Amino acid sequence: MATQAAPTMTMAASGPVVDWDALAARARGARRTKAVVLYSFLIAVSLPIILPYFWLVAIAFSAKTGVAETAVLWRSMAVVVPAVVGFWLAAALAQTRRQLWIGFAAVAMIAIFAFALLVGPDLHLGNFIFLWEPDFASVVRSRIGEVRGAVQFPNVWHAFGNSILIAGAQTAIVVTVASLAAYYLSRFQFPGRSSMLRSLLVLHAFPVLTLIVPMFLMLYWIGLLDTLFGVILVLVAFELPFAIFIMKGFFDAVPWDIEMSALTDGASRRQAFVSVVLPQVRNGILAVAVFTFIRGWEEYIFVFTFLIRNSNWTMSLYMYWVRDDVMGVDYGVVSAVGVFYLVPSLILYVAAQRYLMQMSVGGVKG
Amino acid sequence: MAKIEFRHVSKRFGAVEVIPDMDLVIEDGEFVALLGPSGCGKSTSLFMLAGIYLPSGGELLFDGHVVNEVEARDRNVGIVFQSYALYPHMSVRDNILFPLRFKKTPREEALARVKAAADLVRVAELLDRRPSELSGGQQQRVALARALVKKPQLLLLDEPLSNLDASLRLSMRTEIKALHEQLGVTTVLVTHDQIEATTMADRIICMRAGRIEQVGTPDDLYLRPLSLFVAGFIGSPPINFIAGKAEGGTLTVNRTRFPVEGASGAVTVGLRPEHLSFGETGFPGRIAQIEPMGREILYVVETGMGAVRVLEQGSSAGHAIGKQVKVDFRPENSLVFETERQKLVAGAHIRATA
Ligand SMILES: Nc1ncnc2c1ncn2[C@@H]1O[C@H](COP(=O)(O)OP(=O)(O)OP(=O)(O)O)[C@@H](O)[C@H]1O
Ligand SMILES: [Mg+2]
Chain A
637 MATQAAPTMT MAASGPVVDW DALAARARGA RRTKAVVLYS FLIAVSLPII LPYFWLVAIA
697 FSAKTGVAET AVLWRSMAVV VPAVVGFWLA AALAQTRRQL WIGFAAVAMI AIFAFALLVG
757 PDLHLGNFIF LWEPDFASVV RSRIGEVRGA VQFPNVWHAF GNSILIAGAQ TAIVVTVASL
817 AAYYLSRFQF PGRSSMLRSL LVLHAFPVLT LIVPMFLMLY WIGLLDTLFG VILVLVAFEL
877 PFAIFIMKGF FDAVPWDIEM SALTDGASRR QAFVSVVLPQ VRNGILAVAV FTFIRGWEEY
937 IFVFTFLIRN SNWTMSLYMY WVRDDVMGVD YGVVSAVGVF YLVPSLILYV AAQRYLMQMS
997 VGGVKG
Chain B
40 MAKIEFRHVS KRFGAVEVIP DMDLVIEDGE FVALLGPSGC GKSTSLFMLA GIYLPSGGEL
100 LFDGHVVNEV EARDRNVGIV FQSYALYPHM SVRDNILFPL RFKKTPREEA LARVKAAADL
160 VRVAELLDRR PSELSGGQQQ RVALARALVK KPQLLLLDEP LSNLDASLRL SMRTEIKALH
220 EQLGVTTVLV THDQIEATTM ADRIICMRAG RIEQVGTPDD LYLRPLSLFV AGFIGSPPIN
280 FIAGKAEGGT LTVNRTRFPV EGASGAVTVG LRPEHLSFGE TGFPGRIAQI EPMGREILYV
340 VETGMGAVRV LEQGSSAGHA IGKQVKVDFR PENSLVFETE RQKLVAGAHI RATA
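As given, the protein sequences belong to chains A and B, one line each in that order.
So that you can map any letter, position 160 of the first sequence is 796 in my numbering, and since no number is skipped, the others follow by simple counting.
So that you can map any letter, position 135 of the second sequence is 174 in my numbering, and since no number is skipped, the others follow by simple counting.
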């Protein structure tokens, strides 16, 4: 650029022949090319991640028992891929914000119309039968004339409740304990502090599976095998170290001054912690809470090993058994359960996105 | 209002002794400044007064009562931190209200007091903002209002002006002083800026490496510094130090000789630039540098005993670089220190010429 700028400057000195508009247009063009390359790359990389989710949803809302056809999938792809390209072209070509919105609206309208036309007739909610029919396995099998051997599924809402209970209780315990422990580690000097910090990370490095047999035996001896509480305890134990470590980073970033100021303003140490320090680490708490909750919601290995009765099933176990039982018969129901299982995490992520982003910024330092 | 006493107070952090032995009395209603270079233990002393640090030894007294073990929240001390330490998640109103929350002050009265404190430091129109939406000077005032709203018996200011620009610093200096005159609360100002200390405080406590070097009025420290350190720390531009040897009424510096009274052995003479002037008599030198400072002009003069700073009023007309001059001073303005012990030799003087 610098070498090009030099001649134009000498021209400017000799006469009014500089075409500023052309220069600006060229810069705009270069910027746009860069954006196009970048977006193409991002789209290419994210396709393998996004496509399975898209298919999951498409199958859940369209597949029919006993029919293994993929026509709907391809038709929906035929709508979605051009739509993405259209959005992206609109973004690249729009000169003003107004044009951008108009372009987006146009592409969206065409896409919705095409979707309704091509895919719409095939959409139905029948695959979500498990939501209202606990014995759906038998129903699904009876459609293809084979009733014997269906697994006795508990009510899905029961499994849903169990999952909420495990994830929620685990989150509450982890957040409370991690906040208090991290505050102490951040603010107080005591013998063994640094070795404790180091061991926190080592603890997190253990592969979970290596500990599953001893955990099983321990739970058996304590008498918490096949109880939700036992699983919650195990999960808390595994999640705590990292949560403490993350929270310590957030507490370290809170200046001492405001805490001292609160103390001289008449607060007790506890009051200062609650009314001055905690609000500063609110984002950290939210981030840790969301991650812990989702971790508990996704939990599979521990619940699979430690929970036996089907009244203790969580959503992940429910998902597993549905897949095991009706997979060969009905993809649609399996996908529908998957979508149902996915929705809470998704909602949580979207709602807490703002705070999760700060976790990397809030900083983790020793 | 309270009278404050340090009796052999010491403070250690682990193996590091920050304050070895501090003895000090601050009278009720007094405005004192803790002055010293960075890291000399000013903030540490202040935090012991506030109850944030527990003294390692000795006794700290408020109005004759030992308060070593009294918790910070029971001391009724207002403190303005160097960083202001406003609570970022609260509005200015809630910040100022905060100290009253723990005193069970009725809501009506508390709000009235917040209003009064805000008016006092002129932040009344900022009450609904967040600290992050304030300028440095405004934050400083809010911190001051928060410290004052609880009607403290002791007000502690930890370098409150160090984050402000020069003109704001000047006006806040006047304002804080006026505030002290109006409220009469015992005030301790921590600063490493000697001008701040001399302009605001009734008395200055000059500290060095955890020890008190000298306590006195600004005039005491300026005119009668008891040690080389105080003489060098107070005054701007800094004092001239000239090391020499006194023997039989004659001070020899390099090859220059001055008549000296009341001192012998290795001594260091202190001469303030503003006490030096160009004259018909005096010791000879050559102007090496001219620095106009507004109303005054600072000359650096090369003499037989090294470079000497001379502060003169009026214009620099007639004083060009390279000009040969004679530097004169009044004997009573010269300070003589023992080089070894770094202490002032009382009553000793030198003369510019025989
Ligand atoms: N919590 C602490 N632990 C260990 N050493 C400390 C602690 N607080 C202060 N010190 C040390 O004590 C000495 C005095 O510190 P202090 O903060 O009182 O200095 P200061 O005079 O206020 O300096 P400044 O003008 O830079 O604020 C410093 O050398 C500092 O390193
Ligand atoms: Mg300090």
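Don't read these hints as lab results, they were simulated from the structure.
Values in this document were obtained by computation on a predicted structure and should not be read as measured data.
We put the beta carbon where it would ideally sit given N, CA and C, even for glycine.
Where hints are given, some of them may not hold.
Simulated restraints, written as ranges between beta carbons of each label pair [unchecked claim]:
1) A:F824 <-> B:S174: 27 to 37 Å
2) A:T863 <-> B:R169: 46 to 56 Å
3) B:L337 <-> A:A671: 58 to 68 Å
4) A:R945 <-> B:K142: 38 to 48 Å
5) B:E108 <-> A:S835: 33 to 43 Å
Simulated coverage check for chain B against chain A, where a stretch passes if three residues somewhere in it have a Cβ under 8 Å from a Cβ of chain A [to be verified]:
6) 125–132
7) 209–221
Worksheet item: So does E108 of chain B sit 33 to 43 Å from S835 of chain A, Cβ to Cβ?
Response: Holds - the Cβ-Cβ distance for E108 of chain B and S835 of chain A, about 36 Å, lies within 33 to 43 Å.
Worksheet item: So the hint says 38 to 48 Å: do the beta-carbon atoms of R945 of chain A and K142 of chain B match that?
Response: violated (57 Å)
Worksheet item: Holds or violated: 27 to 37 Å for the Cβ distance of F824 of chain A and S174 of chain B?
Response: At roughly 35 Å between Cβ atoms, S174 of chain B and F824 of chain A fall inside 27 to 37 Å, so the hint holds.
Practice prompt. With respect to the beta-carbon atoms only, verify the hint that L337 of chain B and A671 of chain A lie 58 to 68 Å apart.
Written response: holds (59 Å)
Discussion item. Holds or violated: the 46 to 56 Å window for the beta-carbon distance between T863 of chain A and R169 of chain B?
Written reply: holds (48 Å)
Worksheet item: Can the region 209–221 of chain B be counted as covered by chain A under the rule of three residues or more with Cβ-Cβ separation shorter than 8 Å?
Response: Contact hint for the region 209–221 of chain B vs chain A: violated, 0 residues under 8 Å.
Worksheet item: the region 125–132 of chain B covered by chain A? Criterion: 3 or more residues, Cβ-Cβ distance below 8 Å.
Response: The restraint on the region 125–132 of chain B holds, since 4 of its residues have a Cβ under 8 Å from chain A and three suffice.
The structure fails to meet hints 4 and 7 from the earlier list, while all remaining hints are met.
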